[in-house]
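Line by line, the protein sequences give chains A and B. Using our numbering, read the first sequence as starting at 6 and increasing by one per residue. Using our numbering, read the second sequence as starting at 6 and increasing by one per residue.
Just so you know, the hints here were simulated from the structure itself, not pulled from any lab data. Worth double-checking, as some hints may not be accurate.
Note that the list lumps identical chains together, so a pair holds whenever it fits in one copy or between two copies.
What the hints assert, rightly or not - The calculated lysine to aspartate or glutamate pairs, modelled on DMTMM-like cross-linking and capped at a C-alpha distance of 25 Å, are:
| # | residue 1 | residue 2 |
| --- | --- | --- |
| 1 | Lys346 | Glu117 |
| 2 | Lys282 | Glu163 |
| 3 | Lys88 | Asp377 |
| 4 | Lys191 | Glu117 |
| 5 | Lys423 | Glu92 |
| 6 | Lys282 | Glu343 |
| 7 | Lys360 | Glu122 |
| 8 | Lys346 | Glu294 |
| 9 | Lys476 | Asp158 |
| 10 | Lys273 | Asp332 |
There are 2 protein chains.
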Amino acid sequence: MEFDFQALDRIFHPRALAVVGVSNRLNNAGVMFAEANRVLGFAGPIYAINPSGGEQVKDFPTYRTVREIPGPVDHVIISVPAKFLPEVIADCAEKGVRSAAIFTSGFSETGEDSGWELEEKIRKIARESGLRIIGPNCMGIYYPAQGLGFRSDLPQWEGQGNISFLSQSGGLAFSGIFLGQRCGLKFQKVVSYGNETDLSSHELIDYFAEDPATGIILVYIEGTRDGISLARALIRAGRKKPVIVLKGGLNEIGIRAAASHTGAMGGKRPTWEAILKQAGALQAGGLEELIETAMTVNRLPAFTGRRMIMVCMSGGVSVNYTDRTADWGFEMPELSPETTKKLRAAFDAPGTSVKNPIDMASSYINFFIYPDIFRALDEDPDCDIIMLVFTMEYYIYAERFAPGLVDTTVSAFIEALKAVRKPVVVVCPSVVEEEKRNQIQQTFLNAGFPSFLTIDRALKALSLTRQYHSKKGSPAGRDSRVP
Amino acid sequence: MEFDFQALDRIFHPRALAVVGVSNRLNNAGVMFAEANRVLGFAGPIYAINPSGGEQVKDFPTYRTVREIPGPVDHVIISVPAKFLPEVIADCAEKGVRSAAIFTSGFSETGEDSGWELEEKIRKIARESGLRIIGPNCMGIYYPAQGLGFRSDLPQWEGQGNISFLSQSGGLAFSGIFLGQRCGLKFQKVVSYGNETDLSSHELIDYFAEDPATGIILVYIEGTRDGISLARALIRAGRKKPVIVLKGGLNEIGIRAAASHTGAMGGKRPTWEAILKQAGALQAGGLEELIETAMTVNRLPAFTGRRMIMVCMSGGVSVNYTDRTADWGFEMPELSPETTKKLRAAFDAPGTSVKNPIDMASSYINFFIYPDIFRALDEDPDCDIIMLVFTMEYYIYAERFAPGLVDTTVSAFIEALKAVRKPVVVVCPSVVEEEKRNQIQQTFLNAGFPSFLTIDRALKALSLTRQYHSKKGSPAGRDSRVP
């Protein structure tokens with residue numbers, strides 16, 4: 006099938022929606038979809054289709070079938086048992102619906118012949134009519150700028166996000182959106198596409214690659230029925246934008262798990278890795294890595310160097326963290342006499358160290374020196390990346406004498422770091438008072454600084470981000486630091 | 006020096022304490038130590054030594070020097086500038102003090118000749134008098150059963166803990182204690198020993214190996230001045246108890262960082278790894294791993310098998326997690342017809358899967374089936390380990406219709422899991438509502454089930470625990486599941 010940007014773009018801009026399988030039953034999935042689009046602000050009509058009687062559902066205009074709706078309907082969300090699907094899809098085709106997202110599961114992912122046959126049947130109807138099917142076994146579209154979504158608690162904001170996410174799994178689409186929200190990612194378009202019976206991953210990747218509003222493409226994929234086209238689409242997209250991929254089903258048992266999840270036919274690990282490498286795509290090992298790498302690519306200025314300077318408040322952590330940086334391919338250069346001199350001018354108490362890693366020790370409490378420290382590192386020609394390790398052990402104790410100290414210090418760090426032009430990341434490792442720790446990390450995130458729970462997660466995201474910039478000349482896909 | 010258990014044991018059982026360097030200045034470190042021992046419930050007298058005038062500090066009996074104290078003093082904590090140390094140590098020796106923990110830094114870790122000389126001077130006084138020195142550049146002893154500690158917010162509880170921890174870093178001693186508290190670890194004795202000028206890591210390891218109250222030995226070490234003795238002590242201890250080691254300074258830059266932290270002379274990575282292997286010690290890669298492995302060794306029944314069955318509520322996560330298990334050397338066997346049948350009898354809704362990983366999907370909401378599910382896995386002869394992956398995405402939505410659902414479900418899982426005899430671990434990955442997630446993880450931890458934020462952390466801890474049981478016949482060091 007020839008790729009047609011406009012045709013796909015129309016799927017994301019329906020005039021009216023219908024949800025098939027809506028009832029007044031508590032926790033009815035159809036109502037969840039109908040309400041989600043209303044809460045997210047979809048501007049056109051939202052029709053409810055209640056096939057079991059047409060009884061009015063909440064205040065949605067309710068009908069028994071899609072055909073009975075008086076006006077035009079461009080996009081339909083379907084949540085009825087699998088056996089009713091051929092009839093509903095035929096209705097949609099007859100009505101002239103452009104696209105249908107099918108939530109219903111029980112198709113090819115069951116591994117049973119009946120599931121495959123049912124899926125083949127609806128594909129045939131779609132192909133003959135021009136109706137595009139998303140799914141089945143998926144959550145469909147989240148496009149906050151148009152008020153489209155699959156759950157009413159999905160994030161909303163003013164203006165448009167720049168991250169688009171294509172997820173074969175509905176659960177990972179959710180989780181990715183929520184994790185992304187914590188990390189300050191604003192999503193442009195998310196598509197959970199499930200069993201890929203018609204609308205395929207390669208079409209969506211081509212679409213996101215062309216889409217001017219998409220800056221970074223995230224992909225969770227378990228497998229596809231057209232590996233060649235997928236590979237080509239990834240390579241095309243990789244020429245234009247950062248593409249970050251989480252592959253589900255990398256080994257025999259993972260592939261088996263994927264097959265029973267979305268009916269996907271997964272390829273072998275080396276094949277995938279070769280394709281991703283050729284595409285210049287970054288391979289994440291898990292959902293956290295996918296989202297945190299997007300955050301890091303999005304927030305940091307371009308860098309290709311490996312030389313890191315680490316600012317710590319606890320010697321023990323700094324030694325272990327220094328080991329980890331080397332394990333991940335980064336370098337911790339010895340500081341030049343000039344930088345050492347500048348740092349010693351800023352702080353000189355016993356127990357502090359102005360070697361790399363820098364140990365502020367008890368001097369952490371003097372936030373007047375923060376600008377001097379980070380300016381010295383920003384000016385150091387042998388420093389590519391600055392890492393702040395924010396450990397709370399001593400703060401918590403000192404707060405007894407100075408309530409509010411932690412928040413003041415975090416604000417002072419953020420003010421000092423805002424003046425830095427080099428890439429800065431923050432690690433907030435867990436200790437005691439997990440809620441406070443989480444709040445501190447969130448404050449750094451909200452200020453636009455990539456922040457991580459563990460050193461390994463920070464280093465993995467930095468490593469992938471560096472890999473991206475080392476391959477490409479231009480730092481496409483970057484948003485600004487301050488959200 | 007011959008190892009003398011009784012002599013070392015006396016250090017942990019002083020009749021009276023003195024803290025040198027106490028003043029009425031806000032945030033004075035000496036007061037922190039004095040108050041810590043009082044709050045933790047030390048039964049004997051706690052004297053304050055205020056060398057700059059002898060002015061009374063709070064309600065502690067205050068003197069100008071240790072020599073002026075009327076009664077006996079067995080253990081002294083020292084927090085005065087480095088240059089005063091020889092005099093203070095000479096006073097202690099004259100007074101007949103058994104042991105001194107020196108908080109002061111500015112010795113060999115500075116890398117300067119004056120620091121080395123000062124340290125040599127106090128070592129000489131100590132060796133001549135029989136006074137044992139812990140440190141300098143350390144936090145000293147935390148032994149809650151005797152009310153000894155270095156900060157008043159250190160955890161306390163009824164009865165004795167079974168984990169002892171030897172940390173060259175004071176910061177990591179803190180962090181390890183606090184992290185351990187979250188993980189439900191109860192510490193027996195913790196020693197932050199810093200520059201190791203006198204009392205050495207190998208003596209402490211020998212002591213913990215003999216100590217009947219110590220079930221598991223944790224070690225954070227950067228380097229030592231007597232590598233042969235340390236290696237021998239580790240090997241001796243490894244024959245008796247689980248020993249889990251975090252080595253700080255594994256490569257050139259890490260070793261450099263360690264040298265400026267505790268003045269430690271670190272060996273090369275292959276040497277360390279060979280010693281740890283010979284000792285049967287488990288090597289943790291970071292503090293979280295050290296603590297989480299201790300938790301897992303402590304809580305789980307012995308196991309040597311690799312076959313895991315995973316229970317999930319979200320298909321996307323389950324596929325990725327299945328990949329990860331294989332990466333860490335575990336197996337996810339296909340379920341037997343018998344187990345499959347039992348599971349299908351428990352739940353059969355569309356979207357669920359009774360293959361391994363088991364995807365409860367929408368059936369998660371029916372907590373009446375949990376006992377049936379876990380009983381089936383417990384009875385399955387092809388299952389060595391059970392992993393529950395607790396994802397919250399759907400719960401959060403369903404709570405709108407059923408407030409309290411999440412807590413009810415967590416309790417129901419815990420009740421069902423309590424009947425399981427096989428090793429069980431729980432993964433609570435982060436999504437939205439981090440505070441709620443953290444609280445859920447804490448509830449599983451409090452119920453005695455090793456619980457983790459990420460699959461990789463769970464698999465690493467399981468992998469090390471399995472390594473321990475595969476080497477040793479007996480599951481020494483195990484506490485009970487329910488705390």
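When no copy is named, should Lys88 and Asp377 be tagged within, between, both, or neither for a Cα gap of at most 25 Å?
-> neither (68 Å within a copy, 30 Å between copies)
When no copy is named, should Lys346 and Glu117 be tagged within, between, both, or neither for a Cα gap of at most 25 Å?
-> between (71 Å within a copy, 17 Å between copies)
Alpha-carbon proximity between Lys191 and Glu117, which holds within one copy, between copies, both or neither at 25 Å = neither (39 Å within a copy, 51 Å between copies)
Within a copy, between copies, both or neither: where do Lys273 and Asp332 come within 25 Å Cα-Cα?
-> Between. Shortest inter-copy distance 15 Å satisfies the 25 Å Cα cut-off; intra-copy 27 Å does not.
Tell me, please, which holds for Lys346 and Glu294 at an alpha-carbon limit of 25 Å: within, between, both or neither?
-> neither (38 Å within a copy, 37 Å between copies)
How would you classify Lys282 and Glu343 at a CA-CA limit of 25 Å: within, between, both, or neither?
-> Cα proximity of Lys282 and Glu343: none, with 41 Å in one copy and 43 Å across.
What label fits Lys282 with Glu163 when the C-alpha limit is 25 Å: within, between, both, or neither?
-> neither (36 Å within a copy, 57 Å between copies)
Lys423 and Glu92: within-copy, between-copy, both or neither at 25 Å Cα = neither (58 Å within a copy, 48 Å between copies)
When no copy is specified for Lys476 and Asp158, does a C-alpha distance of 25 Å or less occur within a copy, between copies, both, or neither?
-> neither (38 Å within a copy, 50 Å between copies)
Indicate which option fits the pair Lys360, Glu122 if close means a Cα-Cα distance not exceeding 25 Å: within, between, both or neither.
-> So Lys360 and Glu122 pass the 25 Å test across copies only (22 Å; inside, 67 Å).
Violated hints for the displayed structure, listed by number in ascending order: 2, 3, 4, 5, 6, 8, 9.
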